[in-house]
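Fit chain B to the supplied structure of chain A, relying on the hints for placement.
Protein chains in written order, with UniProt numbering: chain A, 1 to 286; chain B, 1 to 286.
A couple of the hints might just be wrong.
A pair holds if it fits inside one copy or across any two, identical chains being indistinguishable in the list.
What the hints assert, rightly or not - Lysine to aspartate or glutamate pairs mimicking EDC-like chemistry, simulated, CA-CA at most 20 Å apart:
id, residue 1, residue 2
1, 157, 257
2, 6, 213
3, 37, 170
4, 264, 119
5, 264, 170
None of these hints come from the bench; they were simulated from the model. Since the model is a prediction, treat every value here as computed from it, not as a measurement.
Here is what each chain is made of, one letter per residue.
Number of protein chains: 2
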Amino acid sequence: MSTPAKSTPGGPLVAIGGAEDKTSEAEILRRVLSLSKKDAPVVGVITTASSVPDDVFGEYHEVFSGLGASEVLDIRIRERSDAASEQFVEMIRNSDIVFISGGDQMRLTNILGGSPVLETIRAQRQSGSVIAGTSAGAACQSQTMVYGGPATDSLRKGAVQMAAGFGLVDGIIIDTHFLERGRFSRLMEVGATNPEYLGVGLGEDAAVLFEGDVMRAFGPGHVIIVDSSQISGSNVFELSDGEAVTVHNVIMHALVDGYGFNLKDRRVLGPDELRAAGLEHWIANS
Amino acid sequence: MSTPAKSTPGGPLVAIGGAEDKTSEAEILRRVLSLSKKDAPVVGVITTASSVPDDVFGEYHEVFSGLGASEVLDIRIRERSDAASEQFVEMIRNSDIVFISGGDQMRLTNILGGSPVLETIRAQRQSGSVIAGTSAGAACQSQTMVYGGPATDSLRKGAVQMAAGFGLVDGIIIDTHFLERGRFSRLMEVGATNPEYLGVGLGEDAAVLFEGDVMRAFGPGHVIIVDSSQISGSNVFELSDGEAVTVHNVIMHALVDGYGFNLKDRRVLGPDELRAAGLEHWIANS
Chain A
1 MSTPAKSTPG
11 GPLVAIGGAE
21 DKTSEAEILR
31 RVLSLSKKDA
41 PVVGVITTAS
51 SVPDDVFGEY
61 HEVFSGLGAS
71 EVLDIRIRER
81 SDAASEQFVE
91 MIRNSDIVFI
101 SGGDQMRLTN
111 ILGGSPVLET
121 IRAQRQSGSV
131 IAGTSAGAAC
141 QSQTMVYGGP
151 ATDSLRKGAV
161 QMAAGFGLVD
171 GIIIDTHFLE
181 RGRFSRLMEV
191 GATNPEYLGV
201 GLGEDAAVLF
211 EGDVMRAFGP
221 GHVIIVDSSQ
231 ISGSNVFELS
241 DGEAVTVHNV
251 IMHALVDGYG
261 FNLKDRRVLG
271 PDELRAAGLE
281 HWIANS
Chain B
1 MSTPAKSTPG
11 GPLVAIGGAE
21 DKTSEAEILR
31 RVLSLSKKDA
41 PVVGVITTAS
51 SVPDDVFGEY
61 HEVFSGLGAS
71 EVLDIRIRER
81 SDAASEQFVE
91 MIRNSDIVFI
101 SGGDQMRLTN
111 ILGGSPVLET
121 IRAQRQSGSV
131 IAGTSAGAAC
141 QSQTMVYGGP
151 ATDSLRKGAV
161 QMAAGFGLVD
171 GIIIDTHFLE
181 RGRFSRLMEV
191 GATNPEYLGV
201 GLGEDAAVLF
211 EGDVMRAFGP
221 GHVIIVDSSQ
231 ISGSNVFELS
241 DGEAVTVHNV
251 IMHALVDGYG
261 FNLKDRRVLG
271 PDELRAAGLE
281 HWIANS
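Extracted from the complex, chain A is given alone in its bound form (with noise of 0.2 Å):
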């Protein structure tokens, strides 16, 4: 079988279900900023995808902020010529952590598509910069993105919406808002188009991770892993447009904080395993 489920080599890359939360508490924006190796970093905020983007980086300004940033950038991107500018572009080589916020991610990957600053995105994540994003943040990591199409209408053939996204994450297709907004069904459907792609289904205020073949759970909500590779069945090629999909032995996780999923051999890590699989990459990497 091939499983080429991996996140691309660089530094620490995180998503985010959406939602999370934002006051003190704030588990899990300040573990992404303990992924940073400084202890004060530099945080980097993306609103693009956002139709608020004043509100949306207020909030994170006050969060970071709250949580030890030396500072938060406003990094206000609101159009395809300032995805070109050397200004944005200089601020996100000063940011130690990119954060890429929730709203549309078709306008992230229509704005940030081929642009210098999503260049540098790349480059920041090689030199081993955190990357992080939430809810069309997270959806725009993955190669072929999810974008649209209701959940209560999906299993039905075309009605889930795909396009390329970043690509920051090899072989993986991640979903947001998952269990909030019932989205099984669409990762089911995704699945059946091709099984080869592993399904990360992002509950709210949950967030996963990627480190190597290794992926993490972290946050207080649910993360759904949705393995279509061992389908036996599905009517899906045979269908027109609007059709009843049906698809057969898809296997699934829930996973909670502390777990953990190998992309490479598609297994549930335990927290005793995971725990042994950081230290391996730790050992790797330093």
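For chain B alone, coordinates are given in the frame of chain A:
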């Protein structure tokens, strides 16, 4: 592996996920009517679950009459004393099809549990009558019945509320409005509590027909099978109420009209196998 899932012996048993089409098309209700051996059957409608029995009975009266029922009986059981009344027992005895409407399944079990009316429903089924129910009227058919717990909050220990149901089908837990209300995590939690029970998640305008060891999906919607028999781990017994449940290796199948499931082998049946199974069943019962 012990797999107790099977319908109890007797006439056809149908569970519908709610919101079935009641227009002239009425694919599911038409099929329910055709399951009776009578050309123009008597349909007894039990509206106990509903808080608006007038409206609900009116709708079913119209659709079943239009589809060719010779009579549609208003079995208006509102309290426990009704459920003991000889009048209603007699109406059920006269029904070729007993149809249980939607509403609140707790009203059904509270009012009908242990009553002469429920005994008569069971006896009717033994003698070959059709029993069908939608939404609450489907959920109540399980031995252990799900009656509450918001989908967005499930996979938290104790979130899914269960009670004893009518036990018309063994080893199965039925949930309804399944895709529309995103209830996948609800049956994942149910499966973690006892992996022996097969979860059957009925979408709206989707139905299953139980026939011995075979369950057939029909109607325009989806039926999701949640098979927890192979789960490889869960923390559910270590948790306090409200804590996040992890569960690994849950197998799911999305079935559509024309597909089925062998409850004994826990195996999807394609259209060809299903036709063969139907023939065997027909020979065994003729």
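Those earlier numbered hints the structure runs against, lowest number first:
As far as the earlier hints go, 3, 4 are violated by this structure, in ascending order.
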